[in-house]
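Numbering (the numbering used here), first residue to last: 1 to 251.
Hint data in this document are derived by calculation from the structure and do not stem from the laboratory.
All residues carry an ideal CB built from backbone N, CA and C; glycine is no exception.
It cannot be assumed that every hint is accurate.
Pair by pair, the computed Cβ-Cβ distance ranges are [to be verified]:
no.	residue 1	residue 2	range
1	50	9	22 to 28 angstroms
2	188	239	17 to 23 angstroms
3	80	164	32 to 38 angstroms
4	9	148	51 to 57 angstroms
With a straight-line Cα cutoff of 25 angstroms, these simulated SDA-like cross-link-like pairs (lysine to any residue) come out [as the list claims (entries may be wrong)]:
no.	residue 1	residue 2
5	215	204
6	161	215
7	195	185
8	52	119
9	52	32
10	30	132
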Amino acid sequence: MALYALGHCYERLAKLPQAVEFYQDCLKFKNYLQLPRQRLAAIYFKNNQLEKTASEYELLRSEYPDDIWTLVTLGHLHIAVGRYTHAAQTFNTAILIHPDNFHVEDDHIDQLIDDTLPYQAAEQLEYQLAEHPERADLLLKHADVLAMLGDTEHAISQYEKLISIRPDCLEATVKLGTQFLHIHDESSAAHQFNKAVEINDRIVDAYIGLATAEKLAGDTSGALTTLSLGAAIDANSAFLLAQTAILQFKP
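Go ahead and model the full structure; you've got the sequences and the hints to work with.
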């Protein structure tokens, strides 16, 4: 990271050609590094080199395909250079890959929960997690069942494990904040709700970007539908911000 540090120093000194050179050298050795490529893209953007900026974010996308913020930024860059179809596809990908859109149905476990047999449901989920320890949908459902059983400590642990794997999971972030409230840890709850606002805003940004791309591509009807979906999601941020404020200013 010495090359990155040198590049950052030159960038702070407004010596951008030297900064670009060091960032590029850094990426020659470790092409997957996120920070030097983001800073390189930022310099290109500052110099109004939009095509180069977009190219750097395409490379970031190939290294971090599940990073929603990278996709949203790339979508806006596609709009800036007039690639409206590519922009719409990119924003749509950001929306579709969001972890809150993935809920695998398991009729047996759902039936156990419906029959008020949460202990058996937890046991079945533990068997499945032994085989698939990083499946987000199983971790979420297991945490939900543990919370239902009043096992707050282990529910928190499961939500935190899920968030470590899928940091953009809005549902898990909100539920983790709720569990912190149950143990009267208002500070941690406020932190989670504040993170949830940031995640929600990224989702809304993807919808707004998609609507903009659709409108510019001539699909006004699709743009209006997309905006209405984004507006419905945007309401979550106001509610979460209110909850955060209440907790932070609680005497």
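Hint check results:
Taking the beta carbon of each, residue 50 and residue 9 are about 26 angstroms apart, inside 22 to 28 angstroms as hinted. Distance hint check for residue 188 and residue 239: the Cβ-Cβ separation is about 19 angstroms, which falls inside the suggested range of 17 to 23 angstroms. For the pair residue 80 and residue 164, the supplied restraint of 32 to 38 angstroms holds, since their beta-carbon distance comes to about 34 angstroms. A beta carbon spacing of about 53 angstroms between residue 9 and residue 148 agrees with the range 51 to 57 angstroms that was offered as a hint.
The straight-line distance between the Cα atoms of residue 215 and residue 204 is roughly 16 angstroms, inside the 25 angstroms bound, and the hint therefore holds. Distance check on the hinted pair: residue 161 and residue 215 sit about 40 angstroms apart at the alpha-carbon level, beyond 25 angstroms; violated. For the proposed pair residue 195 and residue 185, the alpha carbon gap of about 16 angstroms is at most 25 angstroms, so the pair holds. Among the hinted pairs, residue 52 with residue 119 is inconsistent with the structure: their alpha-carbon atoms are about 55 angstroms apart, more than 25 angstroms.
For a cut-off of 25 angstroms, the pair hint linking residue 52 to residue 32 stands: about 17 angstroms separates their Cα positions. As the CA atoms of residue 30 and residue 132 are separated by approximately 30 angstroms, the hinted pair breaks the 25 angstroms bound.
Hints 6, 8, 10 from the earlier list are contradicted by this structure; the remaining hints agree with it.
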